[in-house]
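Student: As a plain string of letters, each chain reads:
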Amino acid sequence: MTPKQLLELDKIITKKEWTDNPLHTSVNNKLFKLLNRLDNDEVTLILELLHKFTWISNSQYDKKILDVFRKIDPNIIKSCKKLYFFPIVKPRDSKKLKSGLSIIYPIVGILNYIEEFDHVKTRNIISNFQELKKITLKEDEYLILVDDFIGSGKTFEDCYNQIQQYSIPNEKIIICTLAIQEDGLELIQKHGFSVYYSHIEKKGISNNYAGDEIIRRISRMTLIEKKLKYNPRYSLGFERSEGLISMIKTPNNTFPVFWHEYLEGDEIIKAPFPRY
Amino acid sequence: MNEKHLYLALLKIKNNTNINELVHEGLELFEITNLLKQIIELNYLIETDSELILSETGYERFRILELQYKKTNKSEWIKPDDRNIIKKIRKNDIFVPNSKELTFRLKKRIRK
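So the sequences go chain by chain: H and Y.
Those letters in the first sequence? Residues 1 to 276, per the working numbering, in order.
Those letters in the second sequence? Residues 1001 to 1112, per the working numbering, in order.
Just so you know, the hints here were simulated from the structure itself, not pulled from any lab data.
All C-beta atoms, glycine included, are put in the ideal place defined by N, C-alpha and C.
Be a bit skeptical, because a hint or two may be false.
[To be verified] Listed next, the stretches of chain Y that the computed footprint assigns to chain H, with coverage defined by at least 3 CB atoms under 8 Å from CB atoms of chain H: (1) 1005 to 1013; (2) 1017 to 1024.
[As the list claims (entries may be wrong)] Pair ranges (Cβ atoms, derived): (3) H:TYR209 x Y:GLU1021: 29 to 37 Å; (4) H:ARG233 x Y:ASN1084: 29 to 37 Å; (5) Y:ILE1086 x H:LYS229: 20 to 28 Å; (6) Y:LYS1091 x H:ILE215: 44 to 52 Å; (7) H:ASP118 x Y:ASN1020: 55 to 63 Å; (8) Y:GLU1021 x H:PRO91: 53 to 61 Å; (9) Y:GLU1025 x H:PRO91: 54 to 62 Å.
Bound-form chain H, shown alone (with noise of 0.2 Å):
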């Protein structure tokens, strides 16, 4: 890394306010480690990206909540009486704790304060599929579908496809989530629902650039992987999804080279947004 670079990077820190973070001295001297072991052009490359990178912290999660439920249809919210919210995992991993499960809690508690919803019963959290199986829904009753991130929208398809066998109706369904890149969208879009979302991801590389600035880019990435030996499968983040977003857990469409740990000698080096 140049001089000229480290200097970037810190103007990077800077203009993303990156140093209000309490986790921000973690973050840079991982990046800093990082940017040590790659050449000038790989540096670049990286700094460029960062540019787009959003880094949603755990503060600033009431106000994406706040922001995405303030969006959902006003008339949905009229006629409504009562909630019941059930987090997107794929039907397999339903006992286990993920984010979307975790993100629920804390969306119920604000929910609280939103004036709009106070004649609305929300304390309904359904946890598995076969809580979810026994639900009938009534006229003035919605079912939530939440996640923090929805990237190329694999595991709500898996998630929908198990909840077309239960008897919930397509328009009784409410899919709500802070983050979203733009192929999870479309394909949940596909299926008719409304989304409501906080912030939209396009794919890094894909959607900035044109022509041969692609081909470059997304060479001059693999060969970044490569050298650090990250799991092949997550090449251009799961799915080729070459997300730009860390959330309190770092989605795997994240291109790998901001979350995967890689050997320095004998010793694990965590990444800048490690997700274990």
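Position chain Y against the provided structure of chain H, taking the given hints into account.
Tutor: Chain Y only, in chain H's frame:
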């Protein structure tokens, strides 16, 4: 401000090269960043969109520091990498490195 660190930073700016030598000096990210910011405040460099260039005063300071800190003795700036030293082998011996120590991956071959 440590003069050796200042010299190294000015050298890296002048040649637009890697800051690794400052890292090897034991400086952390924030220390190197602060050093560069101090150099900007001292008007030792000109920052353009594409590059950093030493200003006239920056270059003068660099020349003065260079007299003291430039490594002219080859043994000072070329250090043996101890990690790669192996025992001396006989003329007809063949050295096969431990595959775990390679910096690249070997493809696994399936025996038929």
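Student: Please go over all the hints and tell whether each is borne out by the structure.
Tutor: Comparing the hints with the structure gives:
1. 1005 to 1013: holds (count 3)
2. 1017 to 1024: Since three or more residues must qualify, the claim that chain H covers the region 1017 to 1024 of chain Y holds, with 5 doing so at under 8 Å.
3. H:TYR209 x Y:GLU1021: 29 to 37 Å: Since the Cβ atoms of TYR209 of chain H and GLU1021 of chain Y sit about 34 Å apart, the hinted range of 29 to 37 Å holds.
4. H:ARG233 x Y:ASN1084: 29 to 37 Å: holds (33 Å)
5. Y:ILE1086 x H:LYS229: 20 to 28 Å: holds (24 Å)
6. Y:LYS1091 x H:ILE215: 44 to 52 Å: holds (49 Å)
7. H:ASP118 x Y:ASN1020: 55 to 63 Å: Holds, at about 60 Å.
8. Y:GLU1021 x H:PRO91: 53 to 61 Å: holds (55 Å)
9. Y:GLU1025 x H:PRO91: 54 to 62 Å: holds (55 Å)
The structure shown violates none of the earlier numbered hints.
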